[in-house]
Each structure stands twice: as C-alpha cells, then as structure tokens.
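Chains as they are written, first to last, in my numbering: chain A, 32 to 294; chain B, 32 to 294.
Derived from the structure by calculation, the hints contain no laboratory data. Take the hints with a grain of salt, since some may be wrong.
All copies of an identical chain are treated as equivalent in the list; a pair is satisfied when it fits inside any one copy or across any two copies.
Unchecked claim - In the SDA-like style, the derived pairs of lysine to any residue whose C-alpha atoms are separated by at most 20 Å in a straight line are:
1. Lys49 <-> Ile65
2. Lys49 <-> Asp157
3. Lys122 <-> Asp157
4. Lys49 <-> Val208
5. Lys189 <-> Leu59
Computed from a predicted model, the values in this text were never measured in an experiment.
There are 2 protein chains.
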Amino acid sequence: MSRKKTADRWLTVARDLKRRKARERNTLFVAEGIRSVEEVTRSHTPIQAALVTRELLADKRGAAAAAALERAGVECVTVTEEEFNSAADTKAPQGILAIAEVPVRPIGTLKPNELARTLVLDAIQDPGNVGTLIRTAAALGMRTVVALPGTADPWNAKVVRSAAGGHFHLIVTHAEVGDLLGALRHANVPLWGADASGRAVDTVTPPASLALAVGNEGAGLTTDVRGAVSEFVALPMTPGVESLNVAVAAGILLYALREGQAR
Amino acid sequence: MSRKKTADRWLTVARDLKRRKARERNTLFVAEGIRSVEEVTRSHTPIQAALVTRELLADKRGAAAAAALERAGVECVTVTEEEFNSAADTKAPQGILAIAEVPVRPIGTLKPNELARTLVLDAIQDPGNVGTLIRTAAALGMRTVVALPGTADPWNAKVVRSAAGGHFHLIVTHAEVGDLLGALRHANVPLWGADASGRAVDTVTPPASLALAVGNEGAGLTTDVRGAVSEFVALPMTPGVESLNVAVAAGILLYALREGQAR
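Extracted from the complex, chain A is given alone in its bound form (with noise of 0.2 Å):
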C-alpha cells in the first residue's frame, strides 16, 4: 500500500474511534499523547498502528517514544499537524497516537483472586473523573475496575490519557449490574459502597477481599447497586463541607480498606 493510503487508512480508523460503538465493534482503542503511548507500548498491549507528526518526531522524548514503537514493530505512519487533529480525540494534541487492542476481559471469566480487589463504577458520567479513578485503583493495588452502565466508556481517549498509564496495571472491564453481582457472589466477594450516611471507614475492619463501588457525586450510587451493598462507609468529613471530588474520596477509602489493615 503507498505511503499516503496507508496514512489515510489509519486516519480513519482513529477518527472512527472516537466513538464508543467503534471501539465495542473493533475492539480497538486509542492511546493519545506521549505519556500514553509510552505507557501501551511498555504495557506488551499489542498496538495494531500509531501515527505521529513531523513536529512531534523534532520532539527528544516524542522521537523516543515513537522509536520505542518501531522497536516493538509497530509502524509509526508520519501525517500533517491537520490530518493528526482531525483523528485526535484531545484539546491539546502532542502529535502521536496509538491504535492499541483493548484486553477484553468479560466479568464472567474473571478469577476470584481477580475480584478480589475491585473497583466498581457506578453511573461516573466524568471521564476525567473515570480516568483519575483508574490511575488510582491501580497505584493503590486494586486488581480489577469494572465500568457499570452510565460510566464514560472506559477506553475513551480522554479516559486513557487522564488515568497515566493506569489500564495496563489491571484489567478494566465494563457490565451490567446483575452480572457483576453474581460474578461477585460466585467469587465470594462482598459488595460495599460508599455513602455519606455509611460508617466511618476508620472504624471497620476491611474484609480480605473486597468490592468497592463509588457512585456519581451528585447522584450517589444507583437503587440497584445499592440494593446489593452489604456495608456503606463514609469519610470522616468537615461538617457543612458538601463533597469530597469521587476520585480523592475513592482513593482515601481505598487506602482505609487497603488489604492488612487490622483495626
């Protein structure tokens, strides 16, 4: 294939990337910007392409992320600032991207051990939010994350970029309700769920394993997930203060329910 239909090819995949169906029917995601790309690529996630600007390869750490892809024989196709916006999914693109496989992992072949430290998603519309929720499962030792329905779609490119690398330290995985709730039980895993009028999470003693969910922050979680949490816990929190940000809030819950921490 010539040079310019293969940039053309790549072009259009990314852009149809951009939406949730393409990446559900290809299997396929979008990892953009250096720090994402060095990421997937030291990830071992096969990437089918990536594609770079002249600009970005002027770049010393944009040139030595696009040599690390070419070493692991993924061809970098080279293409204008403007063809590289159009298939951006960024404000402010760095000029690379990669088209990487997402690791399907449906919830029903997940192992106990893999549930056992498990994030859940309850209806987070924010990516931004999303993304920082992942970056912090992962660096707190959380194995699994699961995206329930009215969570952005987790391999989003503005998803992927703001969780740093996260998806490639655990596996992310969306489902429906009743599906997590027995892959749970099958797995022996209690379900919690953090609440304002939950106990104070310094006062529990975290089980072995464990499922935490975490709801919009307006909204709190949904009627059906609660209906199956066995515990909610709370912050201590500022009385009159309304909200903590759900991402700095999972994260102290998870550092409070963090596996050995005796009471």
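Given the structure of chain A, go ahead and fit chain B onto it with the hints provided.
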C-alpha cells in the same frame, strides 16, 4: 445610574477580573456558576454585585440562587447571554456570577492555631488541581491553604469553581516561601513534604500540628521547600505505577495524617 450603565460597569469589572493583576489590585474575585454562587452567598463573604441572564432566571435552581443573593442585599444585574459569556471565564457558563471580596489574610497575620493544619501548594500550576486541593483540604478539616509562587491563583474563577465552595470553609492565602517558613517557625508548626522517596505515611505518627507541602506532579517539591521540610512522607504504591493525581495523593496523606491518628 441607568440599568444599562450599571450592567456595563459590572461587565467591565468582571472581564477585568479574569486577569490575576486585576484581582490582586482590587482584592475582588468572581464566583461563577450556580453552585459557586450558592456557596459564596451562604458564606457571608461580602458580594459587590451579581450578573445573571434571563435564561438563568427561567431555571428553578438558578432563580433560587438569584433570589438568595437579593435577600442578602446583593444587586442582581440582568445581562444578555452574549454579554454574560464575554465576562465568564469557564467553558460552559451557567448564566450567573458574583463579584465578591477576597478575604485578605496575609501569612504573617495568621494565628498559630490557624497554621496548625495547613496544606501548602508548591508550584501547582493546573487550576483544576488547585481547586480540587482546596476542596479536599476543606473537607478534611484543614484550616489554611497556602499557595506558593508558581501555583495557579487560588482566586482564579476556574479554581473557585472546582473547589466547590471549599474557599469559604478555610483560610486561602498566598505567600513567598521565606514568609511561610517564618510564620510556621514562629507558630512552632513543623513542615512535612510529600515525596515518593519519603517514609511510608502509614508508619509515621502525625504531630499535633502540621503543615504538609505537596508539589507539582512531574517536578515534585521545589528546592527551597525541600530544604525546609523536616519529614518526607510517601504513600504505599503498587510498584511500576507512576504516580497518583496530586489531589488524590494529598487527600490520602491528609487523611492518614489527620489529628488524633496514633499508631
């Protein structure tokens, strides 16, 4: 003054307040969006005027926010959507903003008990992160947030908005490094710093009073601050995962170092 002249005057003030210099010269700031305006009204911070659109007044929560301002004796000037957007500093303006007085609290005037729970922001550039840090500090019972040079202005409209009312629950001020260190020494408050190479935070006993410094996600703490830190603390992290978002990391550290937390 005619209605038109009053509107033009406050529109000019609001537009001017997008610049940090203008905020500092006039010691005024802009609270934008329904939630920020609700919080600033509730806080009894002196408000000079508010700008609202007709569209805002057609919304139930918007109309209630404007009514609360009027009850507090604040003039709500109605402007067109186009005029409002020229004065707004956020991406999706909601049609309401309040022009309020910055509570000026120079670092040298703070009492020892006000400095006893302080979060220090060391060159945190991103306004969203600064706002989330102020929100987090407020929720976790800190009494003061100090912005060091290189940090986004805490009275920037984007910061005020992402802090979700946090500014009105604690003291927010900026300071030069030397002035902060002098004030902490005088108040006998130790300065600790967040650093990946520090002692694991779950193994240290927090002092009764504490100032905690957090730095830029990439660069860490500045040399001047590092030199004055008496203890570096770190979070237990999964190996290979680069880092946490600065607001999430600060939230966990402030929780782990909260008052009365014995080991």
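Structure-based check of each hint:
no.: 1; hint: Lys49 <-> Ile65; verdict: within (18 Å within a copy, 31 Å between copies)
no.: 2; hint: Lys49 <-> Asp157; verdict: within (16 Å within a copy, 26 Å between copies)
no.: 3; hint: Lys122 <-> Asp157; verdict: both (15 Å within a copy, 15 Å between copies)
no.: 4; hint: Lys49 <-> Val208; verdict: neither (25 Å within a copy, 45 Å between copies)
no.: 5; hint: Lys189 <-> Leu59; verdict: within (15 Å within a copy, 34 Å between copies)
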